[in-house]
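Chains as they are written, first to last, in the working numbering: chain A, 1 to 356; chain B, 1 to 97.
Everything labelled a hint here was simulated from the structure, so no lab data went into it.
What you were told as hints is all true, and nothing was included just to trick you.
If you want the footprint, here are the derived chain A segments under chain B, 3+ residues with CB under 8 Å:
1) 134 to 146
2) 150 to 163
3) 213 to 223
4) 226 to 240
No residue lacks a Cβ here, since even glycine has one placed at the ideal position from N, Cα and C.
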Amino acid sequence: MSFTSEKRNICLAGLLIGIIAIALVFFGNPVNMGFCIACFLRDISGAIGLHRAAAVQYIRPEIIGLVLGSMILALAKGEFKVRGGSSPVTRFTLGAFVMIGCLMFLGCPFRMILRLAGGDGNAIFGLVGFAAGILCGVFFLNRGYSLKRSYQLTQAEGFLLPGAMVGLLVLLALAPSFIFFTEAGGGPGALHAALAVSLIAGLAVGALSQRTRLCMVGGIRDMVLFKENKLLLGFIAIFVAALIGNLIMGNFTPGFAGQPVAHTDGLWNALGMLLAGFGCVLLGGCPLRQLILTGEGNTDSAVAVLGLIVGAAFAHNFGLASSGEGPTANGKIAVIIGIIIVTVIACANTFGKKEN
Amino acid sequence: MICIATFFSHFGAIRFRRFCTGKGWSSQIMPVPRDLSSSCGTCVRYEDTLKETISEGGAGAPLSEEYEAFCRSMEELEQVVACTDAGYQVLYRAENI
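Construct the entire structure; sequences and hints are all you get.
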């Protein structure tokens with residue numbers, strides 16, 4: 001496959017994913033939240049009782065679909081390769097702090113694009129911080145940062161998290177009393193498309209992302225490292241499709257105040273996404289990419305996903321997550337601590353290595 | 001012979017490119033081609049002047065001692081493939097991947 005056809009494919013995939021994101025809002029998801037990996041993992045974390053924020057508890061089928069869509073296609077194409085063992089505790093920690101950064105901003109990089117496409121000016125600050133965070137990560141990549149190699153593992157290891165996703169799907173369908181669901185009108189957790197619609201959307205986006213290696217972090221990273229715009233084109237295609245979709249659906253409301261599930265504190269929007277961008281570069285991909293790699297049998301990414309889920313629980317149990325009212329004092333402290341810890345991780349895995 | 005080397009880390013690619021430069025091989029750092037791997041890491045595409053050593057034996061021929069020793073010495077090196085008309089021919093692959 002030539003680079004030109006790769007670019008065409010990723011543009012088409014980006015356009016399709018943007019349309020699917022807008023369709024999910026039409027079918028019931030919160031505005032500017034057709035997809036948000038951070039928000040959806042946070043909702044799952046709440047649904048299984050890891051946090052008790054009643055407004056954000058739901059087992060999001062989109063997440064299940066993303067992992068399973070990627071896995072099905074990877075298996076079909078012979079690309080399901082179980083590997084892991086590359087600094088799992090570090091990856092878990094990075095995942096948790098990426099989530100804390102995302103919940104300061106109120107969205108993952110994917111939702112940042114959707115917020116921009118909805119006219120949410122606050123996401124511009126997020127984008128600036130995100131790009132700055134990626135530059136921080138690239139600084140360390142170019143100086144030797146590595147979490148060391150991964151190794152082949154047993155097939156069973158690779159199927160564990162996708163299997164857990166199937167388990168979550170069963171729990172969602174059966175809705176036993178020990179699973180928490182936001183009550184109608186109780187917050188974003190209560191706003192969702194029908195199970196089948198969300199699941200199919202997740203499967204489609206998971207498969208498309210697996211084929212194209214779509215990654216919100218990779219777009220900017222590759223532009224900086226190689227002047228290669230392929231992944232960035234996917235990023236832009238999602239924005240264009242979502243923008244047109246929002247204009248057609250009447251969901252484009254340019255401005256800063258009163259944006260759905262967003263706050264107007266520019267500094268902390270930027271710093272939250274700086275933490276997320278920095279951590280994602282060190283992890284090797286955005287939260288969406290971690291889910292897709294999990295579906296391909298990458299257990300290092302599965303550990304990062306577990307870190308994201310636990311990070312969401314910390315964020316709500318300790319009052320770190322922002323709300324429409326703005327960031328919390330605890331959240332600001334956590335983001336600063338996060339930036340420091342991620343920097344320490346970057347330094348520890350960069351400097352003092354022997355050159356071959 | 002045009003070859004592509006993939007790595008477990010970005011910096012591994014940077015170091016390999018230095019090796020290529022030292023050997024006088026033309027080389028370029030770039031993202032891993034999609035048809036080579038579903039991973040999104042960094043690779044080095046380079047022109048290998050050891051082609052006679054590799055091509056004499058055809059597919060599966062042993063690498064030169066110098067080449068293989070270098071590959072093994074780089075813990076960040078994942079695999080090396082040759083770009084042929086028939087597709088990618090694996091020249092070296094790290095153990096347990």
